[in-house]
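Participant: Listed here are the chains, written in short residue letters.
Number of protein chains: 2
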Amino acid sequence: MPQLNENFLRLEKNYLFINIAKKIKAFKEAVPSADIIRMGIGDVTLPIPPVVIEAMKKGCDEMGVKETFRGYEDSGAGYDFLREAVSGYYKSFGADVAADEIRINDGAKSDCGNIVDIFGNDNVILVTDPAYPVYVDSNLMCGRKIIYADSNEENGFAAMPDYSVHADIIYLCSPNNPTGSVYTREQLEVWVDYAKKNNAVIIYDSAYEAFITDPAVPRSIYCIEGAKEVAIEMCSLSKTAGFTGMRCGYTVVPEALKVIASDGTEVSVAQIWGRRQGSKFNGVSYPVQCAAAAVFTEEGLRQIHENIAYYQENARIIADTMTKLGVKFTGGINSPYIWFKCPNGMGSWEFFDLMLEKIAVVGTPGAGFGKNGEGWFRLTAFGDRQRTIEAMERFSGLVSEMTK
Amino acid sequence: MPQLNENFLRLEKNYLFINIAKKIKAFKEAVPSADIIRMGIGDVTLPIPPVVIEAMKKGCDEMGVKETFRGYEDSGAGYDFLREAVSGYYKSFGADVAADEIRINDGAKSDCGNIVDIFGNDNVILVTDPAYPVYVDSNLMCGRKIIYADSNEENGFAAMPDYSVHADIIYLCSPNNPTGSVYTREQLEVWVDYAKKNNAVIIYDSAYEAFITDPAVPRSIYCIEGAKEVAIEMCSLSKTAGFTGMRCGYTVVPEALKVIASDGTEVSVAQIWGRRQGSKFNGVSYPVQCAAAAVFTEEGLRQIHENIAYYQENARIIADTMTKLGVKFTGGINSPYIWFKCPNGMGSWEFFDLMLEKIAVVGTPGAGFGKNGEGWFRLTAFGDRQRTIEAMERFSGLVSEMTK
Chain D
6 MPQLNENFLR LEKNYLFINI AKKIKAFKEA VPSADIIRMG IGDVTLPIPP VVIEAMKKGC
66 DEMGVKETFR GYEDSGAGYD FLREAVSGYY KSFGADVAAD EIRINDGAKS DCGNIVDIFG
126 NDNVILVTDP AYPVYVDSNL MCGRKIIYAD SNEENGFAAM PDYSVHADII YLCSPNNPTG
186 SVYTREQLEV WVDYAKKNNA VIIYDSAYEA FITDPAVPRS IYCIEGAKEV AIEMCSLSKT
246 AGFTGMRCGY TVVPEALKVI ASDGTEVSVA QIWGRRQGSK FNGVSYPVQC AAAAVFTEEG
306 LRQIHENIAY YQENARIIAD TMTKLGVKFT GGINSPYIWF KCPNGMGSWE FFDLMLEKIA
366 VVGTPGAGFG KNGEGWFRLT AFGDRQRTIE AMERFSGLVS EMTK
Chain S
6 MPQLNENFLR LEKNYLFINI AKKIKAFKEA VPSADIIRMG IGDVTLPIPP VVIEAMKKGC
66 DEMGVKETFR GYEDSGAGYD FLREAVSGYY KSFGADVAAD EIRINDGAKS DCGNIVDIFG
126 NDNVILVTDP AYPVYVDSNL MCGRKIIYAD SNEENGFAAM PDYSVHADII YLCSPNNPTG
186 SVYTREQLEV WVDYAKKNNA VIIYDSAYEA FITDPAVPRS IYCIEGAKEV AIEMCSLSKT
246 AGFTGMRCGY TVVPEALKVI ASDGTEVSVA QIWGRRQGSK FNGVSYPVQC AAAAVFTEEG
306 LRQIHENIAY YQENARIIAD TMTKLGVKFT GGINSPYIWF KCPNGMGSWE FFDLMLEKIA
366 VVGTPGAGFG KNGEGWFRLT AFGDRQRTIE AMERFSGLVS EMTK
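In order, the protein sequences belong to chains D and S. If you read the first sequence in my numbering, its first letter stands for residue 6, the second for the next number, and so on. If you read the second sequence in my numbering, its first letter stands for residue 6, the second for the next number, and so on.
The reader is advised that the hints may include incorrect statements.
One copy or two, either will do: identical chains are not told apart, so a pair holds if it fits within one copy or between any two.
Restricting the straight-line Cα-Cα distance to at most 25 Å, the calculated cross-link-like pairs of lysine-lysine (BS3-like) are [claimed, not checked]:
| hint | residue 1 | residue 2 |
| --- | --- | --- |
| 1 | K18 | K150 |
| 2 | K18 | K28 |
| 3 | K18 | K376 |
| 4 | K346 | K28 |
By construction, these hints were calculated from the structure, which means they are not laboratory data.
Please put together the full structure from these sequences, using the hints given.
Facilitator: What follows is the structure in structure tokens.
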């Protein structure tokens, strides 16, 4: 009888967002007339900008003609035209990342889950709590020891390291999912220093970097001196350019990132990661890579920033509503997420059910992101403008009623 | 200091095809004028058929319009329209696979590598030798014990089980990569019986099923009675429809496939696989899924079969050359691969270098696929017709010279 990886049996049965989808489905069946507004899963709603669609269609046409048809990529790391474009994008906000330090992927989630393969199971994993569930789940699947750094109301949901505690691998996400908080340059310098003192590797998730408006907030860990010796960075076009259904992202493993093997030899992490990807991944669809490259052109950046500005205005509307209602929150600036404290000390899932039943607005219960998320709740700014306004009117009614 | 997964350090430094690409690059630099014919990596060369390109472009257009834009898939398992199409395709050759037993992926290689995640590391893995390197590498990366069933000249490179040896997980591939051999119905019945007697799971790679012309040869493990209780199947559109650069495939984990956990409870393998994919994968690009669905329409099947027929004629030309030269081989029928014995008892890599230097034809050294591949060599029929003929003329000259 084959033995299962029984770590899976100790996980929650379903991935968080699949549980939420099931709850919505049940509610829709119970109340078919309900006019549900979805502000739960962090999914975009605006269409892909025209310059990106045209580039993808051009890529499709090339695949239909023998002379321009493309089969397997030699390396599976992404076409040079796209890796160069991503490298140039990094340069635009002050991070020095070479094209050959970048591997193109089908979205940050895959690499975020798969990167665990290249590390041993005896590492101590440090995750800020609350966090994107994949950091925790992908390590629990290997049976690893996870320790947590608390993000909470007191520190503005921006956990800092405890130098008395050792970790080998550290997950950071800024702008943060789910809390919308951002790390300042000084805070990231502390994390890089902590990583160096512990010979640790930082896995830095910058999926929401495009929402940063404050020029003092770093858009990449590589804006911090010395970070290339300690950090892997993962980013995605999902939120930057509405690619949640297109599937393209990138992972940076700098040449300078080395680890000492048990026999004392120095090993390039990029080489090991390349070996993993070479065996288990065959690259991203060529037309999708064409679309991604168009995002980084001057016109592409102009068009996607129109969409980002639209979402930022939604975020402002949600944040203003919270302020008016006297609801405590983080995010909404430099981030598409608003993370608020449930009224009347309610639990996250309790408030989820209440919002769904009373005002048919779907959000994400903070408890789904870790113990410090209990009693907190995430809303996203990725919706339609009118629907966001409508949701906030319903929300204001509900909260005013609850707190009067 | 983070501990690496040191199993990686015990692998060959590069994936086989990356090593070959490097050798070709070095040769091109040394002899810039060389007219290289590539029959190494199993990559297609004909463009994607028009009906498929049109469907993909329609999918692109939908992504550019708010009303038809699609973000994340709820499940990440693939859109119903594509899962239904794959289910119908299975039905067309006598395999009963329900749409909800199918998960769409970005190509068989990813799932073939990632499926190992859901099984424990103490399983005994059985691989037929020679084999596609991912079966071995992805298990070596977990430090697993691998045993081999010999495919060799005596058994026509179609290894059969040894009932005196126990295995928990069995990799089979038919039509076989690299040997081009196929399992008959009777042979697959034996494998299913062996799996049942050992409570083992078969991982069945049917990536080349579309090349089967003999109606007596099963195109799916699920053509065998009882296989749904013991087998996972992986297939891909790479070879079926020229999707090597488009990236789409599918994995079947039947509802009937159950495993007993150490606490005695019965666990659905599909549920655990869904949990893995739900956390570490976000589905395939929507326009790519549109393209894939078009493959399974009546017109799509007609157009891809024109391409397959073209490759089959190439295979016939290569096979006829081998027959004329008196070179022993398998494949060429029901398969796009021709697997031949190197002349004069030469080693595989030795013959690789000779072919590259003397006639500038690239093939794949059999030794790259396992110990039984030593002294054998793989050519693919995926090339251009005239180039295939030209390669066979050069090959005939070389072999005649060597053996006269």
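Participant: Work down the list of hints and note, for each, if the structure agrees.
Facilitator: Cross-check of the supplied hints:
1. K18 / K150: within (20 Å within a copy, 29 Å between copies)
2. K18 / K28: Within one copy only: 14 Å inside, 47 Å across.
3. K18 / K376: Answer is within: at 18 Å inside a copy they meet the 25 Å cutoff, but 42 Å across does not.
4. K346 / K28: within (22 Å within a copy, 60 Å between copies)
Hint compliance for this structure: every hint is met.
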